[in-house]
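Protein chains: 2
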Amino acid sequence: MNTVNASIITIGDELLIGQTIDTNSAFIGQELNKVGVWVKRRVAVGDVYDDIWQALDQECKQSQIIIVTGGLGPTADDITKPLLCNYFGGKLVVNEKVLAHVRHLFEKVFRRTGPMLERNLKQAEVPDVCTVLHNARGSAPGMLFKREGKIFISLPGVPHEMKGLMRDEVIPRLLKEFKMPAIVHRTAFTAGQGESMLAELLNEFEPALPAHIKLAYLPNYGMVKLRLTSQGNSKEDVEKEMLPYFEKMQVLVKEFLVSSEDENLEVVIGKILRARNKTIGTAESCTGGYIAHLITSVPGSSDYYNGSVVSYSNQVKENALGVGHETLETAGAVSEDTVKQMVKGALQLLKVDYALATSGIMGPGGGSEEKPVGTVWIAAGSKDKVETMQLHLRFDRQRNIAMTGGNALNLLRKFILSDPD
Amino acid sequence: MNTVNASIITIGDELLIGQTIDTNSAFIGQELNKVGVWVKRRVAVGDVYDDIWQALDQECKQSQIIIVTGGLGPTADDITKPLLCNYFGGKLVVNEKVLAHVRHLFEKVFRRTGPMLERNLKQAEVPDVCTVLHNARGSAPGMLFKREGKIFISLPGVPHEMKGLMRDEVIPRLLKEFKMPAIVHRTAFTAGQGESMLAELLNEFEPALPAHIKLAYLPNYGMVKLRLTSQGNSKEDVEKEMLPYFEKMQVLVKEFLVSSEDENLEVVIGKILRARNKTIGTAESCTGGYIAHLITSVPGSSDYYNGSVVSYSNQVKENALGVGHETLETAGAVSEDTVKQMVKGALQLLKVDYALATSGIMGPGGGSEEKPVGTVWIAAGSKDKVETMQLHLRFDRQRNIAMTGGNALNLLRKFILSDPD
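Chains as they are written, first to last, in the working numbering: chain Z, 63 to 483; chain X, 63 to 483.
Here chain Z stands alone, though its shape is the one from the complex (with noise of 0.2 angstroms):
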């Protein structure tokens, strides 16, 4: 079976300019490749007239499927519908349909009162040849143009909208027009070692797997994602193929395996302390409510997760977690005597069975020379037992909080598995 390949084009001046940061391609692609389109190139411009009619140009030569978003909001900086209308050669007409939506979400859902306005009307404006895809979540339509066996597809660029429109409208059409064949991704979940060691591990493996078989390595805060690609006629078969390919890498990896989904510690975690029925609870200081934020990002946590007593003062850590002034005082804030404390505090306030905590420097000032910035510590701990560790961090400050918040989710994870009961 042929590949089908994808060409994607974002448009607006603030991706460029690095004011936005592209997630929109991001999803597109999880979705396009789900039913296994190859994207073959992502493609920025700006709102440059001549720049987004040259990539139509150009990708529709490398793809037979191109999917524009942005450029389709109600403000005046917004070319793209008047572009597509003429490189398809339409014009430009009034969709009843879209008219009464725009008119309903004016009304009913945002509430609004007297008349509508010229821009919010213009949206209901739509090139006579093209297919409207209804955008259940906004007021700019989707829409779909067809030449030469290719489609394109131009899609808001607000993310709930876009989302909606590519999961109701344009992957069902999709599949409809276009056979597909199977692509398959396995991803393998590695924590505690770096790229190069684990490719070491790896080194008779990669080579001794078949030429469509692909491995890709991504590391990511600490930990690294080992990925398998191939691709067939059906999911079942090129699964079946892939599997004992994938049980072997997972075998010689096995010291390091955190998990054989793509998923991340956090949901990891939860479902190591479902299927235990265990609650935890945090104590942070240097991460200052990241660990509760990655925890509480997955639906259903409040199950088994408590909260959070991100205690960035010290005065938080004496009265709400009940550090010792004299450990404060003497072994400082970020010592090993402080997390182990932490945990208690946090297990006692929280009233979890276990708990996590970190305290440490993650700059840019704060440093001293006998804990430069970079020097964490992170305790994991239950009413009988603490574990802790300590590292030494040397990048910015957003990176630290991420690395540590790895660090420390991946350390409370093997405290639990290690836990007898």
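There could be a bad hint or two in this list.
Copies of the same chain look alike in the list, so a pair counts if it works inside one copy or between any two.
Unchecked claim - Within a straight-line C-alpha distance of at most 27 angstroms, the following computed BS3-like cross-link-like pairs (lysine-lysine) qualify: (1) Lys-402 - Lys-413; (2) Lys-238 - Lys-159; (3) Lys-287 - Lys-225; (4) Lys-212 - Lys-123; (5) Lys-184 - Lys-287; (6) Lys-212 - Lys-316; (7) Lys-238 - Lys-208; (8) Lys-433 - Lys-225; (9) Lys-310 - Lys-276; (10) Lys-445 - Lys-212; (11) Lys-159 - Lys-287; (12) Lys-287 - Lys-310; (13) Lys-340 - Lys-476; (14) Lys-445 - Lys-310; (15) Lys-276 - Lys-184; (16) Lys-159 - Lys-476; (17) Lys-297 - Lys-96; (18) Lys-302 - Lys-276.
Since the hints were made in silico from the structure, they are not lab data.
Note that this is a predicted model, so its numbers are computed, not measured.
With chain Z fixed as given, assemble chain X onto it according to the hints.
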């Protein structure tokens, strides 16, 4: 002065299938833009020899500067270096300076013992037709090639290595090679009003702008940034010409204006607190530490932020924050009374001047007929007064958390500013 164009090429299947979000391009775009380089296109291609080659061919027709990232790591899926070597007609040779640096990193920084791995040694090989750019933070060197007056630069994809190379090596070299025009952006930051309504306030202002000054609307989680862009020969002249327009724009949207800088709410709040010598704390239920994380992402935030109680369970709301059992039973955890009491509890436990509290249902589960998913209560207060706000959100979990965080910080900002103290 002619515009100097750049194209950014990022390499990696993980970008195309959406497993990794491309933050590198955004950073590179920012840095180039600051020195007057216009990023014309940003292209992502997979780990496919022909696709990378074609991207180089295409982009050097568009731009004088081509920056390539990714594909230089120590594992076997990397094909960029040999490709660049062929593309520029060179051969790979060991660079003694890079070799010494790789050895230093291996032995001193990573504190590895035993012989270096073949794959680490390979990092010291570079095409003999390139200028090596020293990578102080990692083992993969940057490379610079020149052809027909164009500059090609290859950087590793590890973000902190790429960033260091951009700042220390790439930008200074580009400033020597090209005479760049000055590009000036001024961004005003608004909250509490949507894109369409802001556009109405600016409906006479925008068409009256000189043709070379562009206005862009950048909506982001309940906030909208308004950006003016212009360019010319000298930064001073462009800034001077833009100033009256920028000031007029701010007057027109003054009711919703948060800041005249391109900065976040948490930075704005930090500045206000510093100026007034006040402290804050938070009590988060539904945002689960996200607000604490935002506040503590700002360097030096420990000067005014004492901490947070992430009271994810009702028990913690009662025990740590003193929310009444009766209130939780009758009004419920998601209620105005509860967030008011959470503010009181946080003020006491965290010993702060101002406190902020959130409680809501972020979804996908947990909703009821009376309180559907997206119901949120927020409160901001001091010992004398508490202000509350209710939200009805209609997004997915991550976006509901982000929207609650933004609205809560804006409520806190307004509360502090309205406080006579």
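We went through each hint and held it up to the structure:
1. Lys-402 - Lys-413: Both, since 16 angstroms and 24 angstroms are each at most 27 angstroms.
2. Lys-238 - Lys-159: within (24 angstroms within a copy, 57 angstroms between copies)
3. Lys-287 - Lys-225: Both: 25 angstroms inside a chain and 23 angstroms across chains, each within 27 angstroms.
4. Lys-212 - Lys-123: Both. Shortest intra-copy (10 angstroms) and inter-copy (26 angstroms) distances satisfy the 27 angstroms Cα cut-off.
5. Lys-184 - Lys-287: between (46 angstroms within a copy, 23 angstroms between copies)
6. Lys-212 - Lys-316: Answer is neither: 45 angstroms inside a copy and 48 angstroms across each miss the 27 angstroms cutoff.
7. Lys-238 - Lys-208: Intra 14 angstroms, inter 48 angstroms, cutoff 27 angstroms: intra-copy only.
8. Lys-433 - Lys-225: between (46 angstroms within a copy, 25 angstroms between copies)
9. Lys-310 - Lys-276: Cα proximity of Lys-310 and Lys-276: one copy only (14 angstroms, versus 57 angstroms across).
10. Lys-445 - Lys-212: Neither. Shortest intra-copy (63 angstroms) and inter-copy (64 angstroms) distances fail the 27 angstroms Cα cut-off.
11. Lys-159 - Lys-287: For Lys-159 and Lys-287, the Cα distance exceeds 27 angstroms both inside one copy (46 angstroms) and across copies (31 angstroms).
12. Lys-287 - Lys-310: Within. Shortest intra-copy distance 15 angstroms satisfies the 27 angstroms Cα cut-off; inter-copy 51 angstroms does not.
13. Lys-340 - Lys-476: within (15 angstroms within a copy, 41 angstroms between copies)
14. Lys-445 - Lys-310: neither (38 angstroms within a copy, 62 angstroms between copies)
15. Lys-276 - Lys-184: between (48 angstroms within a copy, 21 angstroms between copies)
16. Lys-159 - Lys-476: neither (56 angstroms within a copy, 41 angstroms between copies)
17. Lys-297 - Lys-96: within (11 angstroms within a copy, 48 angstroms between copies)
18. Lys-302 - Lys-276: Within. Shortest intra-copy distance 15 angstroms satisfies the 27 angstroms Cα cut-off; inter-copy 55 angstroms does not.
Checked against the numbered hints above, the structure violates hints 6, 10, 11, 14, 16; every other hint is satisfied.
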